[in-house]
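Make the full structure from the sequences, and use the hints.
If you read the protein sequences in the order shown, they are chains A and B.
Going by the UniProt record's numbering, the residue at position 257 of the first sequence is 257; the numbering climbs one at a time, nothing skipped.
Going by the UniProt record's numbering, the residue at position 489 of the second sequence is 489; the numbering climbs one at a time, nothing skipped.
The hints are simulated quantities; they were obtained by calculation from the structure and are not laboratory data.
Where is the CB? At the ideal position from N, CA and C, for every residue including glycine.
Keep in mind that the hints are not guaranteed to be accurate.
Unchecked claim - If the Cβ cut is set under 7 Å, some of the chain B residues that face chain A in the computed set are:
#1 66
#2 70
#3 225
#4 229
#5 230
#6 387
#7 468
#8 485
#9 488
#10 580
#11 657
#12 659
#13 666
#14 680
#15 686
Protein chains: 2
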Amino acid sequence: MEQEPCNYAEATSHKEEELADDEERDPESNSLHQPLLKRNRTLSSSPLAMVGAKVSHIESLDYEYLVGFIFFTGVNFLLTMVATVLCVCFAPTAAGPGIPEIKAYLNGVDTPNMFGATTLFVKIIGSIGAVSAGLDLGKEGPLVHIGSCIASLLGQGGPENHRVKWRWLRYFNNDRDLRDLITCGASSGVCAAFRAPVGGVLFALEEVATWWRSALLWRTFFSTAVVVVVLRAFMEYCKSGNCGLFGRGGLIMFDVSDVSVSYHAVDIIPVAVIGVIGGVLGSLYNYLLHKVLRLYNLINEKGKIHKLILSLIVSLFTSACLYGLPFLASCMPCDPSLSDSVCPTSGRMGNFKQFNCPKGYYNDLATLLLTTNDDAVRNIFSTRTPMEFHTFSLIIFFGLYCILGLFTFGIAVPSGLFLPIILMGSAYGRMLGIEMGPYTNIDQGLYAVLGAASLMAGSMRMTVSLCVIFLELTNNLLLLPITMLCLLIAKTVGDCFNPSIYEIILDLKGLPFLDANPEPWMRNITVGELVDVKPAVVTLRGVEKVSRIVDVLHNTPHNGFPVVDDGSIPHVGLPDGATELLGLLLRAHLVLVLKKKWFLKDRRRTEEWEVREKFAWVDMAERWGKMEEVAVTNEEMEMYVDLHPLINTTPYTVVESMSVAKAMVLFRQVGLRHMLILPKYQAAGVSPVVGILTRQDLRAHNILSAFPHLEKSKGSKKRH
Amino acid sequence: MEQEPCNYAEATSHKEEELADDEERDPESNSLHQPLLKRNRTLSSSPLAMVGAKVSHIESLDYEYLVGFIFFTGVNFLLTMVATVLCVCFAPTAAGPGIPEIKAYLNGVDTPNMFGATTLFVKIIGSIGAVSAGLDLGKEGPLVHIGSCIASLLGQGGPENHRVKWRWLRYFNNDRDLRDLITCGASSGVCAAFRAPVGGVLFALEEVATWWRSALLWRTFFSTAVVVVVLRAFMEYCKSGNCGLFGRGGLIMFDVSDVSVSYHAVDIIPVAVIGVIGGVLGSLYNYLLHKVLRLYNLINEKGKIHKLILSLIVSLFTSACLYGLPFLASCMPCDPSLSDSVCPTSGRMGNFKQFNCPKGYYNDLATLLLTTNDDAVRNIFSTRTPMEFHTFSLIIFFGLYCILGLFTFGIAVPSGLFLPIILMGSAYGRMLGIEMGPYTNIDQGLYAVLGAASLMAGSMRMTVSLCVIFLELTNNLLLLPITMLCLLIAKTVGDCFNPSIYEIILDLKGLPFLDANPEPWMRNITVGELVDVKPAVVTLRGVEKVSRIVDVLHNTPHNGFPVVDDGSIPHVGLPDGATELLGLLLRAHLVLVLKKKWFLKDRRRTEEWEVREKFAWVDMAERWGKMEEVAVTNEEMEMYVDLHPLINTTPYTVVESMSVAKAMVLFRQVGLRHMLILPKYQAAGVSPVVGILTRQDLRAHNILSAFPHLEKSKGSKKRH
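Okay, here's the thing in structure tokens:
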């Protein structure tokens, strides 16, 4: 204990250096905001408090606080408005984090307009607006979405209407490579957000991707390596202070490596407590957020103007709380061992905000609220400052961010979940740290880190990726064992109550996500029973009449059709009563046939040279042909089409006696869109295919509505 | 540059503390070896050099060097002998690292006696012997194997003959859970070896496991968390110095966090050079090791005594080199700024070994050679010691470890590949660091780290896991971007030449490993063609005669049989000419039927109550029944068996027109052992199954021998 003051002094001297750095940068940030100052010349000598990238005037006169409040709220209001208007009018898909949709896309569910150029643009501008507006949301989710958008645009050669037609881009124009690219984009986004390259790879692996190959592992690793090298280069360039706040904190965002972590067996108890609290609060947060989002959905459905009003109300409420609540906190005297340049902080970034306090005192709540979200995390994680925050201030902070975290997420601006949860979690972690103070060796700042980690695990249910992200955020390797414990406890506790937040959002959005594990009751029905309750499968013949194709395309919504020949057609050469499964044909290819008018006058197979002449693989790669663009004359209706060259002759199949559970494993593991069901009997005249299954057919919800008697056994779902 | 001496002094004072710690421990380690000293009382006052955990006498008299040499070599010889004899006589599977076999097991290939109690015991003792004998091998591979052995034994309730029969153990007695357990064991092994919990998880994911589920991710994470917490607890307990060398260095083995990493754009060049060298040397090492292992295989096949002699020769050669080569190095004067207690080091661990030098001088090669492998790595990674090692000494070190690394790995002792490669790589890294000295800001110690990482990536071709392992080994987060670059370059360069070292070993051992990606030429043949060149499939009927079952089991080596019924048997109730696929029956279950004598007097289906009475799932879980234990009387031969209750009614199937490539994707993704081939035609009298494919059938090698014309297109294999 005698060494304490000495350590403290060391820490301060360390801080002083940092702050000196800030001060160097200060004149510039002031000059940036010169116009604001000039409006109010009498105040030009007053101290300035930086609020985000905005500047407010604070003096001991009530009138001036009011002016400050109006400036603060007004700027936030305008920024929120810009973000919301962009989102509402130009790209509704840019609202929210985008991670659930990316997750669904990688699972095989395409959300329209998710990866377009407009979405990208709105997401970037909107995210800047929303974050600068001081709203309780992070830039992490949007960055993941931005990364995926860029990856998708690069892979497709540009936006929808102005595509570059380079030949090599065709190589990416298949589902698997596009998926890989988007996974790389997502991991790059996390890497850029947290400066955590390995964490980014693991996030993409654990949370986002459905299929994983070892090649994908090192591809994502490569992309995050490039991100981190570029980031490092920019920071090097910005060291001289010519990029404003960019690069502040270096590659490690919330460094807590300056405390040596020493803990004993008894310290496991508070860690476990934090974990349990994190699990309970996390699942509670998921539950409440679900309710709020459903409410918001009702409001948002009413129209664009309602969305805008909702956002603006949240913005006003946020600004009022951020500005008003610090007045509730009492001023605290600065530690006498700290020099004047450290405490109180005024007019620049720092740990001890002066706000409404006299010289030599600081307002601890202002330190947490009147700053950017990133700096708030940095301040609450600050180590070796055991007396910095009052419990009372932390309670207000925690309560405020619980409310904001619930009500901000659903508004129509690009928003991430990471930072709000980190802010909430760190508050109760630090509170517990203050309470445990006399009994523990672990620094309060580390308690805050553990709190943040536990709430993340309790809400998002990730383990390895969170662990690595926190390691890369805080640069304290010795904290790793207790972080791991904390994460695992929180995840386990959370899993007892409800699914992860992303699963809840996926469910709310109604995206047909295919789960990793089949439900146990799926073992009790066979795929044969499943196709029996569906409308009979529509099959085509190897050489089919144009009129029938048009008919089928108009009257069925299916995207895939089995092609079957039988002995009744002379040219096929099958014995009487025998049938042959030729394969599966996609709707897109049928439309292509009609568009390109590859018709034959009579019912015959095309020769090989004809095929080679007609079909180019460039045509086959073209997707999303629309039926409306097709015009077929009456004369053509009577002609024939040889479908053989277009058939996928090797579709994946299962026998009708296969259980739905096993079929689903195949469906998901191999990544299918259609699966043919074959009969288990061999006999004359039997169709070689009894049905076709799609993703929609295999969704638990849809099966249950067809087989209500299974409902009762549903309760016993085993969570993985 | 003017600040340099100041930093240096800081570093030393830091080192001093560490060394003071060592000295406290010293008296004990001396007392441990007291008997050795007593043999030679005249020397009791002589300085001692610690070599591994052994003590040798070194004085300036030639005679005494000889005695030291004899002691050193003798002890090493004995330890090697113990390790080899154990391996050769009791558990040949304990030799080598064991990682390729674990990888194969998780891919579905079982190596006999791999996870037994004897293997575990031999691996533990043998590994201790081999590592203490100063051989150029690591404990990392063996620890992975030990972890897997323990996991397997726990999952099965104990060793083969003395199994605990707890009911809950039955839950693990299926292939998937056993695989999961073994994956957890492997990751725990890596975690224990490197004290790298996240690295362990990623190693298991990237290198060892074939199938990966999100549940497995957090299970392995949980097991490594437990490992690291237990490790931490032991270290806490051992802080007082009552466990010898255990826990030395704390949770971070090769800490290089004391240098601040600052680099510029130009520093990318040496990093890229290290990466390229790592890739080239790594693939060269793989190539040469392949040759040496083939040579060793020839020697080892000659008998146990040859194996023993080979090991002992390697041990003698190693000891001679380790002891003799330091005499080639010239003595270097200690830096005057270092205190006497730091340089030279004598009688304890440290960075500046005195060996044959006068007081105030140290022998840099002895620093690297006359120590444990772990300490050698620690010394060569040492930062802020730019003048410590001569290039000449490093060249000798590098050359020696190249030779030892090639010739030690294949001998019949438990051996790991990690540490030898780290030693080799760090040598050339440090050499490059010395050469680059004037042009770069990066510390020589960090160059050594990068060299080690690059050679690992060049030989083992891992990326993410290596990156995290090195992060957790060295605790320098700022090094991460350049480590990532270096690893990626090395892996890419290496992949141009040959496959990874583990794949080479798998291939040498002839394990039928199923690759992740099918070869491109596999698209050109169908599974129908593949089964056509095989012997016709043997099918059984739903109710089968005992004599036929015995006949089939005796005359075919298959492990699975399709069960097919047709209309010719009256009780089945199929129309004439129709056939029905009932499912797949495993050989083990057929043997079980014969052993339990579930025979029927006449050809009929068993009633449901009979089934419930007779079959217990406990019996079904019993595996590896042997045909030799079955005795069937002539009378019983004429009886019948109803196979229906034993059939797997939902086997995975493909249509005969499926390409081998796609069938292989299904086979591997879903993790199959048997796949049934169905006909694409439906007609009367056609068998509903045309063949059965196993893992062996799908191996590229076997397909090529059946279809020689595919050989020519083989060259175009796309490496992933």
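Are there hints from earlier that the structure breaks, and if so, what are their numbers? 1, 2, 5, 6
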